[in-house]
Amino acid sequence: MTDSEQAFQEARGAWRAALQDHVLAQPDAGFSARIANLAAAATQRAEACEAAYADGFEWPAARGGAKPPFELQPGSGRRGPAELWARFDEAVAELDRVSEGRSIRAVGRAYAELGEVALRLAEAVERADRASGLLPAATRPRRRSA
Amino acid sequence: MADSELLTVSQAAEALSASSQTIRNWIRADRLPGVRIGNRFLIPRAEVERLRGDVSAARGESPWDFDGDEPGEPLPRAGDRQQGAGAEGMLGG
Numbered sequence: 000m001t002d003s004e005q006a007f008q009e010a011r012g013a014w015r016a017a018l019q020d021h022v023l024a025q026p027d028a029g030f031s032a033r034i035a036n037l038a039a040a041a042t043q044r045a046e047a048c049e050a051a052y053a054d055g056f057e058w059p060a061a062r063g064g065a066k067p068p069f070e071l072q073p074g075s076g077r078r079g080p081a082e083l084w085a086r087f088d089e090a091v092a093e094l095d096r097v098s099e100g101r102s103i104r105a106v107g108r109a110y111a112e113l114g115e116v117a118l119r120l121a122e123a124v125e126r127a128d129r130a131s132g133l134l135p136a137a138t139r140p141r142r143r144s145a
Numbered sequence: 000m001a002d003s004e005l006l007t008v009s010q011a012a013e014a015l016s017a018s019s020q021t022i023r024n025w026i027r028a029d030r031l032p033g034v035r036i037g038n039r040f041l042i043p044r045a046e047v048e049r050l051r052g053d054v055s056a057a058r059g060e061s062p063w064d065f066d067g068d069e070p071g072e073p074l075p076r077a078g079d080r081q082q083g084a085g086a087e088g089m090l091g092g
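In order, the protein sequences belong to chains A and B.
If you read the first sequence in numbering that gives the first Met the number 0, its first letter stands for residue 0, the second for the next number, and so on.
If you read the second sequence in numbering that gives the first Met the number 0, its first letter stands for residue 0, the second for the next number, and so on.
FYI, nobody ran anything at the bench for these hints, they're computed from the structure.
Glycine included, C-beta positions come from ideal geometry on N, C-alpha and C.
A portion of the hints provided could be inaccurate.
[As the list claims (entries may be wrong)] Covered stretches of chain A, going by a simulated chain B footprint (3 or more residues, C-beta under 8 Å): (1) 11-18; (2) 50-56; (3) 60-70; (4) 85-98.
[To be verified] Residues from chain A shown here face chain B by an in silico Cβ test under 10 Å; the list is partial: (5) VAL22; (6) ARG44; (7) ARG101; (8) ILE103; (9) VAL106; (10) ALA109; (11) TYR110; (12) LEU134.
[Said to hold, decoys possible] Ranges of calculated distance between the beta carbons of each label pair, as one might list FRET restraints: (13) A:ALA53 - B:ARG51: 33 to 43 Å; (14) B:ILE36 - A:GLU115: 40 to 50 Å; (15) B:SER9 - A:GLN19: 13 to 23 Å; (16) A:ALA81 - B:ARG27: 19 to 29 Å; (17) B:SER9 - A:ALA16: 18 to 28 Å; (18) B:ASP66 - A:GLN5: 17 to 27 Å.
One chain only, chain A, in its complex shape (with noise of 0.2 Å):
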């Protein structure tokens, strides 16, 4: 096996195991984690998609239509920005469209939409749940004294 192959085969157990947490979550105060958990996993399957297309691999062609873990999807009452939903349901879209065909570096890339998305929508998620005290406040570093 390539370093590139085993590359993609952790990237592909790291995303696995970031949409089982989504799956099995309860609507609590680990969604923006989860979120952000998802988007490392995510980038880092851009990364393994990209190493893996320069060693000459082909992205295995899937069958559409399938859907993220519930509390990502629309209507599930999925906290954080309106837009920035739009952008992860596009990402979303352009994934399943992508899976479809075999050019490994496009689904990287939209592996990587996704990522930048899923970022953003955790930052914004953490910096509302922490204003709303479902998270506590963030803990400023002490100045140390003269």
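With chain A's structure known, arrange chain B on it following the hints.
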């Protein structure tokens, strides 16, 4: 409709080499007709057979599949499908 003409989600998943979660997602997305009986879906065998013909060319996993701990399939090499398909550029004459 006779019982043998309806498949359970797990039977349809096995026939289509997909996960049960994928089958349920397809039903919800109206890509696969499902009959809800009680708390489970049953799928007409004819629809599964129809989809099998469409699915046979796409055997990769969906980005949203996460069921099971089985390792992923090896990545295909670009151009493997093209081997033996013909000798482009080697026109006679």
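Tested hints:
1. Interface restraint, the segment 11-18 of chain A with chain B: holds (5 residues with C-beta to C-beta distance below 8 Å; minimum three).
2. Residues of the segment 50-56 of chain A with a Cβ under 8 Å from some Cβ of chain B number 3, which satisfies the need for three, so the listed coverage holds.
3. Counting residues of the segment 60-70 of chain A whose CB lies closer than 8 Å to any CB of chain B gives 9, which reaches the minimum of 3, so the coverage claim holds.
4. Counting residues of the segment 85-98 of chain A whose beta-carbon sits less than 8 Å from any beta-carbon of chain B gives 3, enough to reach three: the coverage restraint holds.
5. At a threshold of 10 Å, the smallest CB-CB gap from VAL22 of chain A to chain B is about 7 Å, leaving the interface hint in force.
6. Taken as an interface hint, ARG44 of chain A checks out: its beta carbon lies about 8 Å from the nearest beta carbon of chain B, inside 10 Å.
7. With a cut of 10 Å, the hint placing ARG101 of chain A at the interface with chain B holds, because the nearest CB-to-CB distance is about 8 Å.
8. Contact between ILE103 of chain A and chain B, as hinted, is supported at the beta carbon level, the nearest pair being about 8 Å apart and thus within 10 Å.
9. The restraint placing VAL106 of chain A at the interface with chain B holds, with a minimum CB-CB distance near 8 Å, inside the 10 Å limit.
10. Proximity of ALA109 of chain A to chain B holds as hinted, the smallest CB-CB distance being about 8 Å (cut-off 10 Å).
11. Look at TYR110 of chain A: its Cβ gets to within about 8 Å of chain B, closer than 10 Å, so that hint holds up.
12. Here the hint on LEU134 of chain A is broken, as its CB sits about 26 Å from the closest CB of chain B, past 10 Å.
13. The supplied range of 33 to 43 Å is met by ALA53 of chain A and ARG51 of chain B, whose beta-carbon atoms lie about 35 Å from each other.
14. At about 43 Å, the CB distance of ILE36 of chain B to GLU115 of chain A agrees with the hint of 40 to 50 Å.
15. Checked against the hint of 13 to 23 Å, the C-beta distance between SER9 of chain B and GLN19 of chain A comes to roughly 19 Å, which is consistent with it.
16. Between ALA81 of chain A and ARG27 of chain B the C-beta distance comes to about 23 Å, which sits within the given range of 19 to 29 Å.
17. Separated by about 23 Å at the C-beta atoms, SER9 of chain B and ALA16 of chain A satisfy the suggested range of 18 to 28 Å.
18. Checked against the hint of 17 to 27 Å, the pair ASP66 of chain B and GLN5 of chain A passes, with Cβ atoms roughly 23 Å apart.
In summary, the structure is inconsistent with hint 12 from the numbered list given earlier, while agreeing with all the others.
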